[in-house]
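Turn these sequences into a full structure, and let the hints guide you.
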Amino acid sequence: MILIKLMLDFLAIGFISYGGGIGMISYIQKVGVQKGWITLDQFSDMIALSQVTPGPIAINIATYSGYNVAGIPGAIVSTLALVIPSFILVFLVIKFFSKHMNTKWMESILDGLRVVVLALILSSLIPLFEAGFIVQGDIKWLSVLPLAYATWASLKKRNILTVLAVTGLWGIFMM
Amino acid sequence: MEEVSLWELITTFFTIGSITIGGGPGGLSITQSYIVDKKKWITQDEMLDFITMGQSLPGVITVNISLFVGHKLRGYKGGIVASIAVILPAFLSIIGIAVFLRPVLEMPIVQSAFSGVRVGVLGIIISAAYRMAEVMKWKKIYIILGLIALIIFILTDLNPVSLFVIGALVGFLQYKKEVDVRGIGKQDDTN
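Chain order of the listed sequences is L and D. The letter at position 147 of the first sequence is residue 147 when you use the numbering used here, and the numbering goes up by one with no holes. The letter at position 107 of the second sequence is residue 107 when you use the numbering used here, and the numbering goes up by one with no holes.
Rather than coming from a laboratory, the hints here were simulated on the basis of the structure. Hints are supplied without guarantee of correctness; some may be wrong.
Between beta-carbon pairs, the in silico distance windows are [claimed, not checked]:
(1) D/K77 to L/L145: 45 to 55 Å
(2) L/F97 to D/R131: 26 to 36 Å
(3) L/F97 to D/S33: 27 to 37 Å
(4) D/R131 to L/K35: 40 to 50 Å
Here are the simulated DSSO-like pairs of lysine-lysine, each with C-alpha atoms no more than 30 Å apart in a straight line [stated by the list, open to error]:
(5) D/K137 to L/K156
(6) D/K139 to L/K104
(7) D/K139 to L/K156
(8) D/K38 to L/K95
(9) D/K38 to L/K157
(10) D/K39 to L/K104
(11) L/K104 to D/K176
(12) D/K140 to L/K30
(13) L/K30 to D/K38
(14) L/K95 to D/K139
(15) D/K38 to L/K104
(16) L/K5 to D/K39
(17) L/K157 to D/K177
(18) D/K140 to L/K95
(19) D/K139 to L/K157
(20) L/K157 to D/K72
(21) D/K72 to D/K40
Just a sample of chain L residues kept apart from chain D, beta carbon distances all over 12 Å, derived [to be verified]:
(22) I2
(23) M7
(24) V33
(25) V135
(26) V166
For glycine and all other residues, C-beta sits at the position ideal for the given N, C-alpha and C.
Written out as structure tokens, the structure reads:
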């Protein structure tokens, strides 16, 4: 029963979630934390681990959430359910629409979608802020320093391993 | 051209899935150089079409692109085989972490390292959001839509699906409006 629920939720995510990695995982955060598949701390840790594991971040998070809920069967179900809508949509496009892709109306629909995805990503920052800044009930204001560093380094496309190492060391020695 | 064997599709896409650490745009260029330059399975132009279409559809972009490429080489079977192969490394590595590394993740020193890393993750997401906002079209209607969506997402637990549908609808109506204003109708589709 839990597997069917998991499957339906991830099918929905696969069908509608748009905007690449971060957009998709913001969706999983919104729905998954609410339903108790994954805690906020676990979610945040998995984003970090996904930076150093192979493959798309949305797959990593889906697999981990499924494993949390129902072990290896759960992981298989959530991961497959996330990608099966892509099979259907891509094959439909190949069969019927390939010459209508990338026309103005498609682009315009995507413009509207992107705005909503961005709003979802921004709203997902608030709980992640709480997970990052509040440690055992204390607000760690000094954490703005590693936050500023990590934001700057990611914007400048510096090596992500360095970012994880520096913020990890900050966690060990300063928090 | 000689037909590509399913086994070769599997090994190639498994390799691509293994070396695209962290995913994202870097992963796309690795996929491209592998399929177009190294294997010479499809041309650069076809690849760019697949990337554009893959990004325009919902779902994981790498999976979408693997479906297009696999289908081009070996039909529907090829598409399914390629996309499963490309996600397998991600799946296996997370299962490995979940099964074997959980005790390590729960060690106090690792936990305190992660309390710092969680702040770093915020920075990574902020920069991803910034990069996305940078290339978006900021018409007045989209700003209003974005603000309303943001408030709803913050204040309620509404499933994002409904707002995604509304966003798509607003985008489509915006297209309709622009077409009507210019009065050139359907011819615009061919641009």
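Status of each hint after checking the structure:
In this structure, D/K77 and L/L145 meet the distance hint of 45 to 55 Å, their C-beta atoms being roughly 53 Å apart. Here the CB-CB span from L/F97 to D/R131 is close to 29 Å, well matched to the stated 26 to 36 Å. The supplied range of 27 to 37 Å is met by L/F97 and D/S33, whose beta-carbon atoms lie about 28 Å from each other. Our hint of 40 to 50 Å for D/R131 and L/K35 is violated, since their Cβ atoms are close to 29 Å apart.
Between D/K137 and L/K156 the CA atoms are separated by roughly 23 Å; this keeps the pair inside 30 Å, and the hint holds. Taking the CA atoms of D/K139 and L/K104, the gap is near 16 Å; set against the 30 Å cutoff, the hint holds. For a cut-off of 30 Å, the pair hint linking D/K139 to L/K156 stands: about 27 Å separates their Cα positions. Between D/K38 and L/K95 the alpha-carbon distance is near 28 Å, which keeps this suggested pair within the 30 Å criterion.
For the suggested pair D/K38 and L/K157, the alpha carbons sit about 26 Å apart, so the restraint of at most 30 Å is met. A C-alpha spacing of about 33 Å is found between D/K39 and L/K104, which places the hinted pair above 30 Å, so the restraint is violated. With a CA separation close to 10 Å, the supplied pair L/K104 and D/K176 stays within the 30 Å bound. About 27 Å separates the Cα atoms of D/K140 and L/K30, which keeps this hinted pair within 30 Å; it holds.
The suggested pairing of L/K30 with D/K38 is violated, with an alpha-carbon distance near 40 Å, which exceeds 30 Å. Restraint check for L/K95 and D/K139: not satisfied, since their Cα atoms lie roughly 34 Å apart, outside the 30 Å limit. Proximity of D/K38 to L/K104 is assessed by CA-CA distance (about 34 Å); at most 30 Å being required, the pair is judged violated. Under the criterion of a C-alpha separation no larger than 30 Å, the hint pairing L/K5 with D/K39 is inconsistent with the structure, at around 41 Å.
A distance of roughly 38 Å separates the Cα atoms of L/K157 and D/K177; the hinted pair therefore is violated under the 30 Å criterion. Only pairs whose Cα atoms come within 30 Å are accepted, and D/K140 paired with L/K95 is rejected, the gap being roughly 37 Å. Distance restraint check for D/K139 and L/K157: the Cα-Cα separation of roughly 28 Å lies within the 30 Å cut-off, and the hinted pair is therefore satisfied. Under the criterion of a C-alpha separation no larger than 30 Å, the hint pairing L/K157 with D/K72 is inconsistent with the structure, at around 33 Å.
The hinted pair formed by D/K72 and D/K40 meets the criterion: a straight-line CA distance of about 13 Å does not exceed 30 Å. The non-interface label for L/I2 is consistent with chain D: the shortest C-beta to C-beta separation is roughly 17 Å, beyond 12 Å. Interface exclusion of L/M7 from chain D stands, the closest Cβ pair being 16 Å apart, more than 12 Å. Here L/V33 does not stay apart from chain D, with its beta-carbon only about 10 Å from theirs, under the 12 Å limit.
Annotated as non-interface, L/V135 brings its C-beta within 12 Å of a C-beta of chain D; the closest such distance is 5 Å. With 12 Å as the threshold on Cβ separation, the claim that L/V166 sits away from chain D is violated: the shortest Cβ distance comes to roughly 7 Å.
Violation of the numbered hints given earlier is confined to hints 4, 10, 13, 14, 15, 16, 17, 18, 20, 24, 25, 26; the remaining hints are satisfied by the structure.
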